[in-house]
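Note that the protein sequences, when read in sequence, are chains Z and R.
In my numbering, each number is its position in the first sequence, counted from 1, plus 49.
In my numbering, each number is its position in the second sequence, counted from 1, plus 531.
What the hints contain is simulated information worked out from the structure, not anything from laboratory work.
If you're wondering where the values come from, they're calculated on a predicted model, not measured in any experiment.
Here a beta-carbon is modelled for each residue, glycine too, at the ideal position from N, C-alpha and C.
Check the hints yourself; a few may be wrong.
[Unchecked claim] Where chain R lies over chain Z, by a calculated footprint (3+ residues, C-beta under 8 Å):
no., stretch
1, 201–211
2, 214–222
[To be verified] DSSO-like, lysine-lysine: derived pairs with alpha carbons at most 27 Å apart:
no., chain 1, residue 1, chain 2, residue 2
3, Z, 190, Z, 74
4, R, 707, Z, 295
5, Z, 194, R, 682
6, R, 836, Z, 286
Now for the letters of each chain:
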Amino acid sequence: MKRAARYIIFYSALFGLWTLLAELKIWPPYLFPTPWGVGQALYAGFQDHTYLIAIRVSMQRVLIGYGISVILGMILGLGVASNKFLEETMGGLLVSLQSLPSICWWPLALLWFGLNQNAILFVVIMGSLLSVTLAMEDGRKQMPKIFSQAGRNLGAKGFKLFWYVLLPASLPFIVSGLKQGWAFAWRSLITAEMLYLSLGLGQVLMMGRDLNDMSAVIAVMILIIAIGYIVDGVVFKGMEHRLQNKWGLAPAT
Amino acid sequence: MSTNVQKFPNQFPIPVEPRFPAHSGSPGARVGPVSIGHSGRSVSPEIAKVGLSDICLSYRTQSGERLLALDHINLQVRAGEFVCIVGPSGCGKSTLLHLIAGLHQQTAGQVLVDGKPVQGPGTDRIMIFQEHSLFPWLTVGQNVEFGMKMKGIPRAERVERARYYLRLVHLAKFEKSYIHQLSGGMRQRVAIARALATEPDVLLMDEPFAALDAQTRDLLHDELERIWSDTGRTIIFVTHNVREAVRLGDRVVLLTFRPGRVKSEFPVELPRPRHLEDPTVARTAREILDELREEINRSLEAEYKDGVKHRITIGVGGRSQV
Numbered sequence: 050m051k052r053a054a055r056y057i058i059f060y061s062a063l064f065g066l067w068t069l070l071a072e073l074k075i076w077p078p079y080l081f082p083t084p085w086g087v088g089q090a091l092y093a094g095f096q097d098h099t100y101l102i103a104i105r106v107s108m109q110r111v112l113i114g115y116g117i118s119v120i121l122g123m124i125l126g127l128g129v130a131s132n133k134f135l136e137e138t139m140g141g142l143l144v145s146l147q148s149l150p151s152i153c154w155w156p157l158a159l160l161w162f163g164l165n166q167n168a169i170l171f172v173v174i175m176g177s178l179l180s181v182t183l184a185m186e187d188g189r190k191q192m193p194k195i196f197s198q199a200g201r202n203l204g205a206k207g208f209k210l211f212w213y214v215l216l217p218a219s220l221p222f223i224v225s226g227l228k229q230g231w232a233f234a235w236r237s238l239i240t241a242e243m244l245y246l247s248l249g250l251g252q253v254l255m256m257g258r259d260l261n262d263m264s265a266v267i268a269v270m271i272l273i274i275a276i277g278y279i280v281d282g283v284v285f286k287g288m289e290h291r292l293q294n295k296w297g298l299a300p301a302t
Numbered sequence: 532m533s534t535n536v537q538k539f540p541n542q543f544p545i546p547v548e549p550r551f552p553a554h555s556g557s558p559g560a561r562v563g564p565v566s567i568g569h570s571g572r573s574v575s576p577e578i579a580k581v582g583l584s585d586i587c588l589s590y591r592t593q594s595g596e597r598l599l600a601l602d603h604i605n606l607q608v609r610a611g612e613f614v615c616i617v618g619p620s621g622c623g624k625s626t627l628l629h630l631i632a633g634l635h636q637q638t639a640g641q642v643l644v645d646g647k648p649v650q651g652p653g654t655d656r657i658m659i660f661q662e663h664s665l666f667p668w669l670t671v672g673q674n675v676e677f678g679m680k681m682k683g684i685p686r687a688e689r690v691e692r693a694r695y696y697l698r699l700v701h702l703a704k705f706e707k708s709y710i711h712q713l714s715g716g717m718r719q720r721v722a723i724a725r726a727l728a729t730e731p732d733v734l735l736m737d738e739p740f741a742a743l744d745a746q747t748r749d750l751l752h753d754e755l756e757r758i759w760s761d762t763g764r765t766i767i768f769v770t771h772n773v774r775e776a777v778r779l780g781d782r783v784v785l786l787t788f789r790p791g792r793v794k795s796e797f798p799v800e801l802p803r804p805r806h807l808e809d810p811t812v813a814r815t816a817r818e819i820l821d822e823l824r825e826e827i828n829r830s831l832e833a834e835y836k837d838g839v840k841h842r843i844t845i846g847v848g849g850r851s852q853v
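Given only the sequences and the hints, what does the whole structure look like? Please build it.
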């Protein structure tokens, strides 16, 4: 309960400060909207289905892009982890590519795929693929060897060995990487959507800017944060929780 | 193949016919194990269940020198026999089990099972590791089912058979538990159940009780002996504990320290069930220990020398690079 009290105090203080600053009218309301204005914008946006459509389009893209990243990343990571040559050559490249913001791929993506959904997907994939790959590589290395020995001994090989042994055995070591990959995918998506008329949340945000409607901009920002938070809290926290229960790991605090 | 047959060591213990009437009469015998067990398969006494002929294994150390780990190991294990392999740490006894399991490849020589060379892992030979080999992401029941699942046995049958083997190790109640909820002794019993569930002919046990406390170990010795006599499996059991070896084995094989060679074999003809504290067990263990002590001393000496040599090689390496 103490925790809930802390939350309430913190957020009402934040809210109060915002209201105060807005009410003081230091800046004109179209530059610094009131909380009520943002609330109204949110309501209006859901009312005329703009936000629902935008959320659906964006979620669809991020799921496809992230899904491809996870599959490719696992294959790549496993390859790099189990092959000395790949590890020495590609390992370093992967780490250095990690420092490249995924939106830098945008110009190339436009040339290769044209101004369409595939270009956006490409940026999303490039944003999250490396996190997943590096996480998988690391997880495969940290995974106790005895699991793969026991698995092979019990008759698992090839894909079955991967699916029933290597993957679940390395999951506790890759879950944080998967989470990071998700965050990168989500960010890359919004960035890419902002650069191109695309129906997604990013575009709705830019629309607010074009209309000089900062309430709408902040409303969409809140949506983007909320979705990121919900996925993290529901999907990944749930996954971590299940892993902790099964493996008997101490809950991360 | 007939040449292999000639290579039986002299110390080979006498009784050739299976000691235990495999399966018949064991409770719950209708489930799986009976149908696929040994009883129907009469292995002719000349062909060993597991035959090791001139096994050599060498590998390159990090400093680049070639190390001979196993040197011309010859060993024949009869079907239904309980063989214990003892030796000082570093004699390659665990490695030997890995070779039989097909998890590693020997440099020279052959591992034969029923007279056929081992090509890789197979569920006719299942390993029981010292610890931490159970899958923590699966329940106890799912762990026991794992081997059957890999074989493609339908779910209903898997579940039923897993229950049978869990009952065999007195863990039926824990079917739905996760591994971390069990004690060390219970985990090893699950490992035994998991191994038996694939119905292997040969159980390869790699110091399975070394990490357990003394009382639990005593209990598991009794249980293992009972399971062995009920199911008639062939067991190759690696341990560094000589008394454990005498307690359990029909025969104790002593390996030398680096390179691992068969130093001697001791048939143990004490009546069963035995107990760790039996004076006869202690006396036999003492005999073996006297021979083993030499090897332990060598291993300790080598360890000490290794430490010194290691420092020197680092020094030399550093200089040669300049």
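So if I understand the rule, the pair passes when the alpha-carbon distance is 27 Å or less; does residue 194/Z with residue 682/R pass? It holds: about 22 Å lies between the C-alpha atoms, which stays within 27 Å.
Taking beta carbons only, do three or more residues of the stretch 214–222 of chain Z come closer than 8 Å to chain R? holds (count 4)
Against the 27 Å threshold, does the CA-CA distance of residue 707/R and residue 295/Z hold or violate the hint? Holds, at about 11 Å.
Within a Cα-Cα threshold of 27 Å, do residue 190/Z and residue 74/Z meet the stated pairing? violated (57 Å)
Confirm or reject the coverage of the stretch 201–211 of chain Z by chain R under the rule of 3 or more residues with a beta carbon closer than 8 Å to the chain's beta carbons. holds (count 7)
Checking one constraint from the list: CA of residue 836/R to CA of residue 286/Z, max 27 Å. Satisfied? With Cα atoms ~52 Å apart, residue 836/R and residue 286/Z exceed 27 Å; violated.
Checked against the numbered hints above, the structure breaks hints 3, 6 and satisfies the rest.
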